[in-house]
Amino acid sequence: MSDVAVHEADHGTHGHITSTGLSNNKVAMWLFLGSECLLFGGLISTYMLYRGRVSIGPRPGHVFDIPFTSVSSFVLLMSSLTMVLAVSAAQKRDDRGTTLWLTVTALLGATFVGGQVYEFTAMYNEGLGFTTSLFGSSFFTLTGFHGVHVTVGIIMLMSLVGIIKRSDIPGDKAEVVELIGLYWHFVDVIWIIIFTLVYLIPA
Amino acid sequence: MTVATETHSEHDHSHDDHAEHGMSNAGYIRVAIILAAMTALEVSTYYVDFGAFFLPVLLTLMCLKFFIVVSYFMHLKFDNKLFSFCFYAGLFLAVMVYCIALATFKFFAA
Chain A
1 MSDVAVHEAD
11 HGTHGHITST
21 GLSNNKVAMW
31 LFLGSECLLF
41 GGLISTYMLY
51 RGRVSIGPRP
61 GHVFDIPFTS
71 VSSFVLLMSS
81 LTMVLAVSAA
91 QKRDDRGTTL
101 WLTVTALLGA
111 TFVGGQVYEF
121 TAMYNEGLGF
131 TTSLFGSSFF
141 TLTGFHGVHV
151 TVGIIMLMSL
161 VGIIKRSDIP
171 GDKAEVVELI
181 GLYWHFVDVI
191 WIIIFTLVYL
201 IPA
Chain B
1 MTVATETHSE
11 HDHSHDDHAE
21 HGMSNAGYIR
31 VAIILAAMTA
41 LEVSTYYVDF
51 GAFFLPVLLT
61 LMCLKFFIVV
71 SYFMHLKFDN
81 KLFSFCFYAG
91 LFLAVMVYCI
101 ALATFKFFAA
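Those sequence lines, one after another, are chains A and B.
Read in order, the letters of the first sequence correspond to residues 1 to 203 in this note's numbering.
Read in order, the letters of the second sequence correspond to residues 1 to 110 in this note's numbering.
I should point out that these hints are in silico values taken from the structure, not numbers from a laboratory.
All values reported here derive from a predicted model rather than from experimental measurement.
Note that the Cβ used here is the ideal one computed from N, Cα and C, for glycine as well.
Warning: the hint list may mix true and false statements.
To be verified - Reference listing, derived: stretches of chain A covered by chain B, where coverage requires no fewer than 3 residues with Cβ under 8 angstroms from a Cβ of chain B:
(1) 35-45
(2) 104-111
(3) 137-146
What the hints assert, rightly or not - Covered stretches of chain B (chain A as the covering partner; in silico rule of three or more C-beta atoms under 8 angstroms from a C-beta of chain A):
(4) 32-46
(5) 54-65
(6) 81-88
(7) 92-105
Generate coordinates for the entire structure from the input sequences, incorporating the hints supplied.
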């Protein structure tokens, strides 16, 4: 006799039976995202402390291109929509729809990263380097870490497209798409915070 | 016997189970339109003088957008509460730790 109740078909089981009744992969992903809050919280706090510390080089208000960054933010926000449509298609076992929306999401993410590279280059040309000031160091560290997260997300999305095309996913495909979707949405919500605190609220 | 097994069954019915907990595609598009409108309002604060409401409006919009994405796109609103606990515990810890850290540097007094 088991002394632990086994729950089946709870909200996130996706065909697994576990002692919690939930998918272990999904619990692990949510725990990981909770820990990521601490990472980005530290980086955002550091930026908030140091954004006014400019002895030499341009100040925040002089290097930010708000219209350009607004478009980038909109692109990343819309990639969350395409990602959730990919998850929806995966739940309906629509492989064509899933790969289509995953590819669109990756392209939107790549557009965002391309915009960030352009923005960094423009800032560097205006005299703001990584070691120019505490503002520059904290800004490039925060937005750079976010950019790396988006890039990792794009790699995961494209890998997933390849794996789906080869039909190589063991177990529940919808759960795998959903897990990568959770990571992608998290990257989006972090940018929602960065866009407001870093770009829109002046130092 | 302590149960620590994880079995992989056929995923015939799992998709249908999960689809019930999300939204329709039209619902997701409606949420995205709301988020886009809120972003437009945020950006408008750069061009229009909101006076004393500038900071409260921006922070409110930021929080609303955050919770809309987490609740609807990440399905926390429809999923098991344990997932919400895992995420919000980390978020709460982060906010508290860094608010205390910023307070020690007299960030809020400036």
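The hints, checked one at a time:
1. Restraint check on the segment 35-45 of chain A versus chain B: 9 residues with Cβ-Cβ distances below 8 angstroms, three needed, restraint holds.
2. For the segment 104-111 of chain A, the stated coverage by chain B is not satisfied: 0 residues place a CB nearer than 8 angstroms to a CB of that chain, which falls below the threshold of 3.
3. Coverage of the segment 137-146 of chain A by chain B is violated in this model, with 0 residues showing a Cβ closer than 8 angstroms to a Cβ of that chain against a need of three.
4. Judged by the Cβ-Cβ criterion of 8 angstroms, the segment 32-46 of chain B is covered by chain A as claimed, because 8 of its residues qualify and three suffice.
5. Under a criterion of three residues with beta carbons nearer than 8 angstroms to beta carbons of chain A, the stated coverage of the segment 54-65 of chain B is upheld, 6 such residues being counted.
6. Chain A is given as covering the segment 81-88 of chain B, and this holds because 5 residues of the stretch bring a CB closer than 8 angstroms to a CB of that chain, at least three being needed.
7. Given as covered by chain A, the segment 92-105 of chain B passes the check, having 8 residues with a CB less than 8 angstroms from a CB of that chain where 3 are the minimum.
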